[in-house]
Amino acid sequence: MNPEITLETNLCGVRLPNPTLLASGILGTSAALLERVARAGAGAVTAKSASLEPRAGHPNPTVISWEAGLLNAVGLANPGATAQAGILRDARSKLATLGVPLIASVFGGTSEEFAGVAQVLAEAEPDFLELNISCPNVGDEFGRPFAADPQAAAEVTRAVKAVVDVPVIVKLSPNVADIAGVARAVEEAGADAIAAINTVRGMAIDVRAARPVLANRFGGLSGPAIKPVAVRCVFECFAAVSIPIIGIGGVSNGLDAAEMMMAGATAVGIGSAVYQNGPEVFARITHELATFMTEESYRSVKEMRGAAHK
Amino acid sequence: MNSQTSHFACRIERVERENYRVATFTLDLALDAAPGQFVMLWLPGVEERPLSLMACDPVTLTVARVGPFTTALHERRTGERVWVRGPYGNGFRQTGEHPLLVAGGYGVAPLLFLTRRLQATSAHPTVLIGARTARDVIFVERFGALDVPVLVATDDGSQGTQGLAPDVAARAIESQPVSSLYACGPEPMLDGVAALARRHRLPAQLSYERKMRCAFGVCGTCARDDGWLVCRDGPVRFEEP
Numbered sequence: 001m002n003p004e005i006t007l008e009t010n011l012c013g014v015r016l017p018n019p020t021l022l023a024s025g026i027l028g029t030s031a032a033l034l035e036r037v038a039r040a041g042a043g044a045v046t047a048k049s050a051s052l053e054p055r056a057g058h059p060n061p062t063v064i065s066w067e068a069g070l071l072n073a074v075g076l077a078n079p080g081a082t083a084q085a086g087i088l089r090d091a092r093s094k095l096a097t098l099g100v101p102l103i104a105s106v107f108g109g110t111s112e113e114f115a116g117v118a119q120v121l122a123e124a125e126p127d128f129l130e131l132n133i134s135c136p137n138v139g140d141e142f143g144r145p146f147a148a149d150p151q152a153a154a155e156v157t158r159a160v161k162a163v164v165d166v167p168v169i170v171k172l173s174p175n176v177a178d179i180a181g182v183a184r185a186v187e188e189a190g191a192d193a194i195a196a197i198n199t200v201r202g203m204a205i206d207v208r209a210a211r212p213v214l215a216n217r218f219g220g221l222s223g224p225a226i227k228p229v230a231v232r233c234v235f236e237c238f239a240a241v242s243i244p245i246i247g248i249g250g251v252s253n254g255l256d257a258a259e260m261m262m263a264g265a266t267a268v269g270i271g272s273a274v275y276q277n278g279p280e281v282f283a284r285i286t287h288e289l290a291t292f293m294t295e296e297s298y299r300s301v302k303e304m305r306g307a308a309h310k
Numbered sequence: 001m002n003s004q005t006s007h008f009a010c011r012i013e014r015v016e017r018e019n020y021r022v023a024t025f026t027l028d029l030a031l032d033a034a035p036g037q038f039v040m041l042w043l044p045g046v047e048e049r050p051l052s053l054m055a056c057d058p059v060t061l062t063v064a065r066v067g068p069f070t071t072a073l074h075e076r077r078t079g080e081r082v083w084v085r086g087p088y089g090n091g092f093r094q095t096g097e098h099p100l101l102v103a104g105g106y107g108v109a110p111l112l113f114l115t116r117r118l119q120a121t122s123a124h125p126t127v128l129i130g131a132r133t134a135r136d137v138i139f140v141e142r143f144g145a146l147d148v149p150v151l152v153a154t155d156d157g158s159q160g161t162q163g164l165a166p167d168v169a170a171r172a173i174e175s176q177p178v179s180s181l182y183a184c185g186p187e188p189m190l191d192g193v194a195a196l197a198r199r200h201r202l203p204a205q206l207s208y209e210r211k212m213r214c215a216f217g218v219c220g221t222c223a224r225d226d227g228w229l230v231c232r233d234g235p236v237r238f239e240e241p
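Residue numbers (the numbering used here), protein chains in the order written: chain A, 1 to 310; chain B, 1 to 241.
Among the hints, a few may not be true.
[As the list claims (entries may be wrong)] Just so you have them, the derived chain A footprint on chain B, three or more residues with Cβ under 8 Å:
id, region
1, 6 to 12
2, 26 to 37
3, 216 to 222
[As the list claims (entries may be wrong)] Example chain A residues on the side facing chain B (calculated, C-beta under 8 Å, incomplete):
id, residue
4, Arg36
5, Ala40
6, Asn60
7, Ser65
8, Val74
9, Val138
10, Ala209
11, Glu280
12, Ala283
13, His287
14, Ala290
15, Thr291
Derived by calculation from the structure, the hints in this document are not laboratory data. Ideal Cβ placement from N, Cα and C applies to all residues, glycine included.
Use the sequences and the hints to build the structure in full.
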């Protein structure tokens, strides 16, 4: 790698060795897997979302692939906040020597529940808490996600910020008319960073079975199919807020990562690309990004941030 | 190919009863797959589960009736539909002239597939079928038809040698040439075969089973404690001597 360039990324004062991070919901179910992804080259790793009580998740089929991405409705399967805090503690000690920060992901049915889960997970001392207010797959149980409404999103953010000191990332949904409005609302409520985007609400029907493939009927679409949606959302959020943005959605190579940063992302989430390449995808994307930076004479990832806003 | 969605819609061509709770289902679908690989079988409205291949052309699955999903499958008749996606995972590799294949219960299925492939090479496999009791022993005739030596071990001695499969395998290693071990069955049996392999410095390939969701290495559901993904890194695990 060219010694003239640096991939080091500062996210809310926390140092990431590179700007790629493992997005929530992918391989984040155990400390060993989080460590494995960190060793494979991720600049930070996000654990699977946890709720107050354990959740079994939806019955299968829960994850399927199609030509341009994945469609999933796992249904927030997790062992509950207390057990998750144990996983996070274990992960933190495994990651410490690697210098890879840990992001804990919080889910709740109400603002109070979000705050409660955040407090439990914060005891494990992750580097960040991410608020998953945008899961598209639990509407039957919880109604519309908080991310669908700026005021509700702000209320959850405030409730969590009141009880924890760790930097809070709020993960936004693309399934809204005005994502910039939601971004502004959570920034005003005290969010330290934004993650955009969660999956795009979608559906697949097996025509020979004449029924939806996913047991939950609807699911969240991810992968290359949603990259233009994600780039547009990050671009709009960057124009609306001054807190850092983690750009997520369909990034599968170094040029995609550069594109996301030029839209305004400080760091770039990787999820579905693990499907094609396994955890090794992080090292490849980082290498491709460095090559691109050398070719185009960018010395730091910071120089690319928001470059497309002209 | 049914390319517009993720699954192949296919029909059950034949159902063969193996014992009081195990049946073999042959589908009207051919896949290019290796022994040890698995498919996700979807019964719309019921569930979707990983099942190891007993053969890939046509796709053949040997399934024990143990819960709601497998009961629903056992209630399907010839001509009825099931949905399949796959194959997934890494199968067995061919090693050694005298492999010993250790099967526990319905773990015989992928090892029958493997035996057919090994016989296409210069290898001379021996099969050891372990089960709790005589009525759980299946596939003796199927292996016999392939003209491979078959040993049987039951926990209660009601058929073959009395004892656990790894212990009976240990005796086999002492009495005949064995160059490598393959195993598919319950995890305590796999642990036993792994220990045996270490003791005799034999390469071993062990096939694991886990609850799964995606089957292609993104959801993390099937991870072992060490972060090894049964669906993508396995289901066959290599234990080098």
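Right, here's what the structure says about each hint:
1. 6 to 12: holds (count 3)
2. 26 to 37: Coverage by chain A is violated here, the residue count being 0 at a Cβ distance below 8 Å.
3. 216 to 222: holds (count 6)
4. Arg36: For arginine 36 (chain A), the interface hint holds, since the closest Cβ of chain B sits about 4 Å away, which is under 8 Å.
5. Ala40: violated, 10 Å
6. Asn60: At about 4 Å, which falls below the 8 Å cut-off, the nearest Cβ of chain B leaves the hint on asparagine 60 (chain A) intact, so it holds.
7. Ser65: holds, 6 Å
8. Val74: holds, 6 Å
9. Val138: violated, 16 Å
10. Ala209: With a minimum Cβ separation of about 4 Å from chain B (threshold 8 Å), the hint on alanine 209 (chain A) holds.
11. Glu280: violated, 11 Å
12. Ala283: This interface hint is violated because 16 Å lies over the 8 Å limit.
13. His287: violated, 21 Å
14. Ala290: At about 25 Å, which exceeds the 8 Å cut-off, the nearest Cβ of chain B leaves the hint on alanine 290 (chain A) violated.
15. Thr291: Since chain B brings no Cβ nearer than about 26 Å to threonine 291 (chain A), farther than 8 Å, the hint is violated.
The structure is inconsistent with the numbered hints 2, 5, 9, 11, 12, 13, 14 and 15, although it conforms to all the rest.
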